[in-house]
Each structure stands twice: as structure tokens, then as C-alpha cells.
Amino acid sequence: DTMVKEEVGPDDIADVVGAWTGIPAGRLLEGETQKLLRMESELGKRLIGQSEAVQAVSDAVRRTRAGIADPDRPTGSFLFLGPTGV
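Per the numbering used here, the very first residue in the sequence shown carries number -5; after that it's consecutive.
No wet-lab data here; the hints were simulated from the structure.
Source: prediction; values computed, not measured.
You may find that some hints are simply not true.
Unchecked claim - Quick list of the computed label-pair ranges, beta carbon to beta carbon:
1) P65 to K39: 38 to 44 angstroms
2) K(-1) to L73: 48 to 54 angstroms
3) S35 to T69: 19 to 25 angstroms
4) V10 to R56: 26 to 32 angstroms
5) S35 to P65: 26 to 32 angstroms
6) G76 to E0: 56 to 62 angstroms
7) D9 to P77: 45 to 51 angstroms
8) K(-1) to P68: 25 to 31 angstroms
9) F72 to V11: 27 to 33 angstroms
The C-beta atom is built at its ideal place from N, Cα and C for all residues, glycine as well.
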């Protein structure tokens, strides 16, 4: 009986990446993962014509939620200007 697997699965990969990066494999809950994946489209509905801003905010939030941002610094400083409802 050997301890070597014949197939490598997603959980095995997540465990190795977690060991390398120090980020726990189960850090993100499935529901939160789905929200993070849809973030640009949801923000884009409210921030019309601001694709670069939407991308910057989304990237910052994802870095923080994934645990790869500097814990001693804020997620970001965002200033949203302009009329509402446009």
C-alpha cells in the first residue's frame, strides 16, 4: 500500500499552493468566491464608463480577501465623484 496518488485533484493543488504562499486553501467561501468573480459586472452597472476604476477597486478587494495584501495597510482609498443616478 503506497501513499502516492495516481491522480492529482484540485484539493491537492490548493494544498500545495497554500503551503507555498501561506494562504489557507479554504480561505474563500464558495459564496464569497462567486461574489468576487462577479464584482466587475456588478460595479460596472453603477460606475458607467469607468472600467479602469472598476478594475482597480476589484483587484484591491480581491487581493485583500485572498490574504495576499499587506495586512498593515488599508485595502485602498477610493474616491467616487459625480452625480448619482447617471
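Going down the list of hints, with the structure as the test:
The supplied range of 38 to 44 angstroms is broken by P65 and K39, whose beta-carbon atoms lie about 31 angstroms from each other. Taken as a hint, the range 48 to 54 angstroms holds for the pair K(-1) and L73, whose Cβ atoms sit roughly 50 angstroms apart. Range check, S35 to T69: about 20 angstroms between beta-carbon atoms, so the 19 to 25 angstroms window is met. As the Cβ distance of V10 to R56 is approximately 21 angstroms, the hint placing it in 26 to 32 angstroms is violated.
Checked against the hint of 26 to 32 angstroms, the pair S35 and P65 passes, with Cβ atoms roughly 28 angstroms apart. In this structure, G76 and E0 meet the distance hint of 56 to 62 angstroms, their C-beta atoms being roughly 57 angstroms apart. Between D9 and P77 the beta carbon distance is about 49 angstroms. The supplied range of 45 to 51 angstroms therefore holds. Evaluation of the 25 to 31 angstroms hint for K(-1) and P68 yields a failure: the beta carbon distance comes to about 42 angstroms.
At roughly 29 angstroms, the beta-carbon separation of F72 and V11 lies within the given 27 to 33 angstroms, and the hint holds.
Violated hints for the displayed structure, listed by number in ascending order: 1, 4 and 8.
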